[in-house]
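Listed in order, the protein sequences are those of chains A and B. Sequence positions in the first sequence follow the working numbering and run 5 to 182. Sequence positions in the second sequence follow the working numbering and run 6 to 143.
The set of hints was computed from the structure by calculation and includes no laboratory data. Predicted, not measured: the structure shown is a model, and the values here were computed from it. Be aware that a few hints might be false.
Coverage of chain B stretches by chain A, computed from C-beta distances (three or more under 8 Å per stretch; other residues unrestricted) [to be verified]:
(1) 63-71
(2) 89-103
Here are a few chain B residues that sit away from chain A, every Cβ distance over 10 Å (derived from the structure) [said to hold, decoys possible]:
(3) Ala17
(4) Ala47
(5) Leu48
(6) Gly115
(7) Ser133
Positions of the beta carbon are idealized from the N, C-alpha and C atoms, including for glycine.
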Amino acid sequence: MDTDELLYQRAKQGDLPAFDELYTRYAARLFGFVRPQVGSRADAEDIFHETFLRTLESAEVRFDRGSFRTWLFRIARNAVLNRARGAGRAANAFVQLRAQDAVPTADEQIAHGEMMNALSVAIQKLPLALSEVYHLRSSGLSYEEIATILDAPMGTVKSRMHQMVNVLREELKPWTAR
Amino acid sequence: MDCSLVRIDLIAYQFATIADDDRARLEAHLVECTTCLKIYLALKGAVDRGDGELPSEATRLALRGAVEARFRPTLRRRAGRWLTRPVPLYQSMCLVAGLALAAAVAPALGQALWGSTQSHSTERVDTSRPTAESVTIY
């Protein structure tokens, strides 16, 4: 199987099947990373499009300084941050609104259904530094890759991971105690 | 074991930040308790991105179109790439065998053709000049 880096080089030379293969490999994970962090699906699709294209176009992408997927997620992270800065309060308000919507109703009595809703709410409440770690890790990236993307020491990543888990653990306590 | 004590650790287990003792305890419980196992699998499914939602087909097509427009090589580059493309070994061997055969046959074939042309030319009757037989004396 061709490596991501080889497919990337071929896609940059206009090889569309190589692009299709990269897309197949990363569409779900990249969109899964972007989608929960922005307000609307349309915004998420914009960022997704921009990220993929920028990764292919950018002269900064060099594989001695990170793998293809490290670059992909780094560029996606920056795009999400830029969009959030631009959107400002509107985005925060939307996140809060989504968190309220996600609270389980009286009809949702299935135990793990409730827990999943609680998890969704808890993730929305995470501070940015912990939320980033959560989404990157959930996208299948290793600690090393996360450290490269965040440009932070490995110790910081591990520490944030523990903090994130503790926050989620506390948030889920009412549901797990049942 | 109380299920609630295990469930509280599921998130730490999923993110591999759980202590070794707790992990062993949790795994032993998951083997026995189907309810907790189902909850863990649901949690794992929610956290993992593998089967998450995809961008729309329109986004995929737009992106593909943008990549094609941006990176599609010029006709000249495509022609150059075709000419310098790697050729499979069996094709190269067939080509070499064909050329060798042509090189071996060419002299004999050329001689045969040239020779037949030569012999034809010697047999040809020159009608531009009268010969003793062709002159009729009236």
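So, going through the hints one by one against the coordinates:
Only residues whose C-beta sits within less than 8 Å of a C-beta in chain A count toward coverage, and the stretch 63-71 of chain B has 6 of them, enough to reach three; the restraint holds. Counting residues of the stretch 89-103 of chain B whose beta-carbon sits less than 8 Å from any beta-carbon of chain A gives 0, not enough to reach three: the coverage restraint is violated. The Cβ of Ala17 of chain B does not lie farther than 10 Å from every Cβ of chain A; its closest approach is about 5 Å, which violates its non-interface assignment. With a minimum CB-CB distance of about 4 Å to chain A, Ala47 of chain B fails to clear the 10 Å threshold, and the non-interface call is violated.
Remark: the non-interface label on Leu48 of chain B conflicts with the geometry, its nearest Cβ contact in chain A lying 7 Å away (cut-off 10 Å). Every C-beta of chain A lies more than 10 Å from that of Gly115 of chain B, the closest at about 45 Å, which supports listing it as non-interface. With a least beta-carbon separation of about 67 Å from chain A, Ser133 of chain B lies farther than 10 Å from that chain, consistent with its non-interface assignment.
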